[in-house]
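Colleague: Chain by chain, the residues run as shown.
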Amino acid sequence: MISAIRSTVAAVYRFYRDGFASMTMGRTLWRIIIIKLVILFGVVKLFFMQDFLSQRFETDREKAGYVSGRLIAAAPAGLENQSSKREVNK
Amino acid sequence: MIEQLGEATVNWARAQFALTAMYHWIFVPLTLGLSFLLAFFETIYVKTGNEEWKQLTRFWMRLFAVNFAIGVATGIILEFEFGTNWSNYSWMVGDIFGAPLAAEGIFAFFIEATFFAVMFFGWERVSKRMHLFSTWMVAIGSNLSALWILVANAWMQYPVGMKFNPDLARFEMRNFWDILFSPVAISKFTHVTSSAFLLASLFVISVSSWYLLKGRHERFARRSIAVAAVFGLLASGMVGLTGDEAAHTIARVQPVKLAAFEGLYKGEKNAGIVAVGLLNHAKDVDNDEEPFLFAMKVPGILSLLANRRPGSFVPGINDLVYGNEEYGIEGIDRKMAKGRNAVAALAAYKKAKAEGDAAAARSALAAFNRYSEYLGYGYLNKPAEAVPPVPLTFYSFHIMVALGTLLPLVCLAYLYFLYKGSLGRNRWILPIGVVSVFLGWVAQEAGWVVAEVGRQPWAIQGLLPVGVARSNIAASSVQATFFMFLVIFTLLVFAEVKIMTSQIKQGPEEN
Chain A
1 MISAIRSTVA AVYRFYRDGF ASMTMGRTLW RIIIIKLVIL FGVVKLFFMQ DFLSQRFETD
61 REKAGYVSGR LIAAAPAGLE NQSSKREVNK
Chain B
1001 MIEQLGEATV NWARAQFALT AMYHWIFVPL TLGLSFLLAF FETIYVKTGN EEWKQLTRFW
1061 MRLFAVNFAI GVATGIILEF EFGTNWSNYS WMVGDIFGAP LAAEGIFAFF IEATFFAVMF
1121 FGWERVSKRM HLFSTWMVAI GSNLSALWIL VANAWMQYPV GMKFNPDLAR FEMRNFWDIL
1181 FSPVAISKFT HVTSSAFLLA SLFVISVSSW YLLKGRHERF ARRSIAVAAV FGLLASGMVG
1241 LTGDEAAHTI ARVQPVKLAA FEGLYKGEKN AGIVAVGLLN HAKDVDNDEE PFLFAMKVPG
1301 ILSLLANRRP GSFVPGINDL VYGNEEYGIE GIDRKMAKGR NAVAALAAYK KAKAEGDAAA
1361 ARSALAAFNR YSEYLGYGYL NKPAEAVPPV PLTFYSFHIM VALGTLLPLV CLAYLYFLYK
1421 GSLGRNRWIL PIGVVSVFLG WVAQEAGWVV AEVGRQPWAI QGLLPVGVAR SNIAASSVQA
1481 TFFMFLVIFT LLVFAEVKIM TSQIKQGPEE N
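Chains as they are written, first to last, in this note's numbering: chain A, 1 to 90; chain B, 1001 to 1511.
Just chain B, same shape as in the assembly:
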C-alpha cells in the first residue's frame, strides 16, 4: 500500500515536471535562436547603413522581447519542484549543481541588467557599434546561460567528475572540467542550441510567410526569410551532425535508451533504423511477442550510429536486461546484486560510525566504494524495471527525426525560390512556411521526451532511481500544484500568443 502511494507521488511529480519543463521549453529555444538572428539582422544594418534593416531588426526585437518577458522565470518553477517533490535528489546533487546553476544565475543577471537594457533602450542613445556589440552579447550570453543548465542535465544522464560522500549522502564534485566537457554535455549543448536556431529561423519564416500571404511588408518579409533560411539551413546541418554524435554517445553511456529509440529487443549485427513502423503494445521485455506489428527498416544505420561500423552488433533491450556473455554485456540482475551490496555497505558504514567502530566503518566504506557505481540498481525490484517506456520513447524519437529531416527542406525550398526570384509564383510554399514553426516546436518537445523519458527509471543514471529521489509527500499535494501550474502556464502561453499576434498584425514600423 505504502509502495503504491509512493508510486502515485512519483508519477504525479514526474507529470508535473514534464508539464512545467515542456511549457518552459516553448519560450527558451525561441529566445536562444532569435537572439542570434537579431545579431545577424543588425550586423547587416550596421554594415550597409540601410535604415530598412534597422526597422527590420527592431520589429524582430519586439517579438523577441515578448517571448523573453513571458518566458523569463518560468524555469524557476522547475527549481521549486526539486526542493519540494525531489528533495532526496536535490540534496544529493547540491554540490554538483551549485556551480553550474550559480554560473547560470550570474551570467543571466549581468547580461539582462546590462546588454539587454542597451539592446532595448539604447537605439538612439549609444553608438551603432556599441548597440551591435550589446545585441551580440545578448545572443552569446543567452546561449552560454543555457550551457550551464544543459551541463547539469547532461550530468544526470552521465554522472562523471564526482564521488559519493556517504557521510553527507551527497555527490561531491571532484573535477569540474570532466562535468563541463563530458561527451554528453557537449553533444547535448550543441544539439539543443542548433535545434533552437532552426526553430527561430522557422519562426521568422512563418511570420514572414504570413505577411506574404496577406500581401503586406513584402520586401521586409523576403529579406527576413533570406537571412532566416540561410541560418536555418546551416543550423539544420549542425542538428544532424550533433544528433549523430548524441546517438553515438548514448550508445556507450545509456545503451538501453538507444535500444528503446528503435524498439530493439533482441540485439543484432547490421542493426537497422525503423523508417516506418507500428509497435506491438503487447510486447514486453518478459514475453516473446513480436516487437512490431509492421516495420520497414533501413539496415545497418543503427549500427553505424552506435558504433560507426555498419555491420557491428547493437545490443537490444533483452541483451542489456538479461546480459549477453558473447558480447560481454552484464545483465541488470548482476548489477542489482552489486547495487544491493552498495546499499548494505552504506547501512553497515552508518551503523559502524554511529557505534564509533572505526575498523568496521573503514571496511564497510571500502565495500561501498567497490560497488558505489551500481548504487541505483540496488533499489530495483526486478531487472525489467531498468527499461524506459518503449512506445513513448520510440514514437517521440521518430517524430523528432522525421521533423528534423523535413524542416530543413522548408528552408532549402525558400532559399531556392528566393534565389530564382520565383517565390511569388510558388505561393503554395507559404502556408507550409506558416505551419513550419509549429512543427518545429513539436520536434523540440519530442526531443526532450526522448531525452527524459528514455532515461527512466533514473533520476541520475545508474545511481538514483526516481522512486528514491522523490520526497516523502502525499500524491494529492503534488496533484494540486500540477493543476495550479497547468493554469499558470496556460495563461502565460495565452498572453504570449495574444501579445505576439497583435504585434505581428501591427507589423514593422513604417518609419
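Isolated chain A (complex conformation):
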C-alpha cells in the first residue's frame, strides 16, 4: 500500500518536473505570472490596498459597530420624517 502511494507520488512529481522542464514559451508565461503575483501581493496589497476595517479594528464586534454607526450616520441630516419617529415610538 505504502509503496503504491510512494510510486504514485513519484510519478506525479516526475510528470510535473518533466512538464516544467520541457516548457519553452511557458517559461516566459510563468515568469509573467510570478512577477505579477509578487507585485500584487508583495507591493499592491501590502502597501496600497490594505483592508480598511482590519487596519482599524481588531474584532468583528468592533467592525460591526463601526459599520452600524456609518449606516445610521449616513442618512441625510434633517430628513427623518415624522412617520419614522411615530413608527419607532410605537
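Note that these hints are calculated values from the structure, not bench results.
There's no promise every hint is true.
Said to hold, decoys possible - Below, a list of computed lysine to aspartate or glutamate pairs in the DMTMM-like style, where the Cα atoms sit at most 25 Å apart:
no.: 1; chain 1: B; residue 1: K1351; chain 2: A; residue 2: E62
no.: 2; chain 1: B; residue 1: K1353; chain 2: A; residue 2: D60
no.: 3; chain 1: A; residue 1: K45; chain 2: B; residue 2: E1079
no.: 4; chain 1: B; residue 1: K1498; chain 2: B; residue 2: E1445
no.: 5; chain 1: A; residue 1: K45; chain 2: A; residue 2: D60
no.: 6; chain 1: B; residue 1: K1351; chain 2: A; residue 2: D18
no.: 7; chain 1: B; residue 1: K1297; chain 2: B; residue 2: E1373
no.: 8; chain 1: B; residue 1: K1382; chain 2: B; residue 2: E1445
no.: 9; chain 1: A; residue 1: K45; chain 2: B; residue 2: D1288
no.: 10; chain 1: B; residue 1: K1382; chain 2: B; residue 2: D1288
no.: 11; chain 1: B; residue 1: K1351; chain 2: A; residue 2: E58
no.: 12; chain 1: B; residue 1: K1350; chain 2: A; residue 2: E62
no.: 13; chain 1: B; residue 1: K1128; chain 2: A; residue 2: D18
no.: 14; chain 1: B; residue 1: K1350; chain 2: A; residue 2: D60
no.: 15; chain 1: B; residue 1: K1283; chain 2: B; residue 2: E1325
no.: 16; chain 1: B; residue 1: K1163; chain 2: A; residue 2: D60
no.: 17; chain 1: B; residue 1: K1283; chain 2: B; residue 2: E1268
no.: 18; chain 1: B; residue 1: K1353; chain 2: A; residue 2: E58
no.: 19; chain 1: B; residue 1: K1054; chain 2: A; residue 2: D18
Chain B: place on chain A using the hints.
Modeller: Relative to the frame of chain A, chain B by itself:
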C-alpha cells in the same frame, strides 16, 4: 464640503473598479470560450486520429495559455478594492459572498493544479482519452468557476435568500439555493458565458482570417473557422435567448434600469425599442425636455421584452421616480420615507441595545424588519438620485445589441462560404473577420457597462447605495491607486498582445 469629499471618493472608487473590471474582462471571456473550442478541436482529433487536428488543437492551446497566464489573478485586484475602497459594503456582504467565492477558489485551484497541468504537459505522457477528458474538465471547470462570481454579482442586482442582521450589520444567507438559482443569476450566467463563446469563436475566425489573407496555413485556417463559426452561431442563438430573458427579468427586478436602456421617461403601452436615436442631453427627470433629438422606434418590442405582451404598459423613469397610481407603481419618495423609517428604527434598536432596554429593542427591531427592504432608499437625498446615468446606459445597451446582432452574421457568412467552397473567391470577408473579434470585445465591455452603470446608484439594489458602501478614505489615495492599476494593466495588455502576436506570426507547428 464633507459630502463633496465623499462624492469624490465614490467617483474615483467607481472609476477604479470600472477600470480594473474592464481590463480583467479582456482576458476572462476568451478563456471561457476558447476552453470549449479546444475541447471541440481535440475531440475531433481523438475521433478521427488525424494528426493535423492535434497540431491545430496544440496551436490554439498555446494562445489559450498566453491569455490565461496574462489574465490569471487580475480579478484579485477587484477583491482588494472591496476591502480598501468599499469596506462597508465588503463587511455587509461577507456572509453572502463567502460561500460563492470560496467555491470559486476551490474549483479554480483544483482545476488549475490538476487538469490544466495534464492538458499542457500531458500530450505524450497520458492516454489520448485521459488528455481529452482533462481538456473538457478545464472547459467545464473554468465556466463553473465563473458561475460563482456571476452569482455574487447577480445577488447585488437582485438580493434574495438573505436577511439583514442589525446586530452584526450584515446580510446573512438564509437560503443558498435562492441565491444560486435566482432568475438574475441564471440569466446572467447563461448570457455571459454564451457571449464569451461567441467572442472566442470570433477570435479563432479573426486569427484564421489573417492566415488566409497572408496565404499561410490555409487548410488549418479553414478547419479552425469551420468549427468556430458553428460554435459562434450556436452561441449567438443562446446570447439572443438569454438576453431576452435577462431583459424580461430586469423589467421585474430593476425597472429603472430597463427604462434607462431605452431612454424611456414617460411610460407607455406598446412601448418600442429605439432602432436609431440620439438622446437629448438636456433631458433630466426633473424637466420637460424631449428625451430624444431624433429617434426611430420599433413599436411594441420593449413591451414584448418586458412583459411578453406587445401592447402592455412599460413604466418610464418618471413613473418609477414619482409613482403612477393607475399602474400601482410606488414612487421613490414613498420608498425614501420607508427607508428613513428603517434607518431610524436601526438607530433606535442600537440605542435600546446599548441601554439594555429589551422591550424598546424588540419594538425597534420589529419596525426595522417592516421597512428593511427599503433601507437603501433612506440614504437618498431626492427621488431623482435613484436614476442611473441614462446616456451611458442607453448608448452602451444599443452598442451591445447592435454588435450582438451583426456579429453572428459574420459567423453565418463564413459558414455559407465554406459550405459553398467559395471562401477563396470572397476574400472581402477576411478583413471583416480579422476585425470582428475587436468588435466582440467592445460588445463584451458595453454589456458590463449596461449591467453596472444601469444599476447605479446601488451597490446592492435598493439596500445600499454606493455612497454608503464606500470606505471613509481620501479621494487622493484612490486616485493614486487608480493610476497605478492603469499602468499595471496596460503593461499586461501590452504583454498579451506582444506574446500573442509573436505566437500567431510563428503559426501552428509544422510537425
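Colleague: Look at each hint and say if it fits the structure.
Modeller: Tested hints:
Restraint check for K1351 (chain B) and E62 (chain A): satisfied, since their Cα atoms lie roughly 16 Å apart, inside the 25 Å limit. The hinted pair formed by K1353 (chain B) and D60 (chain A) meets the criterion: a straight-line CA distance of about 17 Å does not exceed 25 Å. Between K45 (chain A) and E1079 (chain B) the alpha-carbon distance is near 10 Å, which keeps this suggested pair within the 25 Å criterion. Proximity of K1498 (chain B) to E1445 (chain B) is assessed by CA-CA distance (about 22 Å); at most 25 Å being required, the pair is judged to hold.
At roughly 21 Å between alpha-carbon atoms, K45 (chain A) and D60 (chain A) fall within 25 Å of each other, so this suggested pair holds. About 65 Å separates the Cα atoms of K1351 (chain B) and D18 (chain A), which puts this hinted pair outside 25 Å; it is violated. Restraint check: the Cα-Cα separation between K1297 (chain B) and E1373 (chain B) comes to about 36 Å, which exceeds 25 Å; the hinted pair is violated. This hinted pair does not check out: K1382 (chain B) and E1445 (chain B) have alpha carbons roughly 31 Å apart, beyond 25 Å.
For the proposed pair K45 (chain A) and D1288 (chain B), the alpha carbon gap of about 49 Å is over 25 Å, so the pair is violated. The suggested pairing of K1382 (chain B) with D1288 (chain B) holds, with an alpha-carbon distance near 18 Å, which does not exceed 25 Å. The straight-line distance between the Cα atoms of K1351 (chain B) and E58 (chain A) is roughly 23 Å, inside the 25 Å bound, and the hint therefore holds. Proximity of K1350 (chain B) to E62 (chain A) is assessed by CA-CA distance (about 14 Å); at most 25 Å being required, the pair is judged to hold.
Between the alpha carbons of K1128 (chain B) and D18 (chain A) the distance comes to roughly 18 Å, so the proposed pair stays at or under 25 Å and holds. The hinted pair formed by K1350 (chain B) and D60 (chain A) meets the criterion: a straight-line CA distance of about 16 Å does not exceed 25 Å. Distance check on the hinted pair: K1283 (chain B) and E1325 (chain B) sit about 24 Å apart at the alpha-carbon level, within 25 Å; holds. For the given pair, K1163 (chain B) sits about 18 Å from D60 (chain A) by alpha-carbon distance, which is consistent with the 25 Å threshold.
Using a Cα cut-off of 25 Å, the hinted pair K1283 (chain B) and E1268 (chain B) holds, with the two alpha carbons roughly 18 Å apart. For the suggested pair K1353 (chain B) and E58 (chain A), the alpha carbons sit about 22 Å apart, so the restraint of at most 25 Å is met. Pair hint K1054 (chain B) plus D18 (chain A) holds up; C-alpha atoms about 21 Å apart against a cutoff of 25 Å.
In summary, the numbered hints that this structure violates are 6, 7, 8 and 9.
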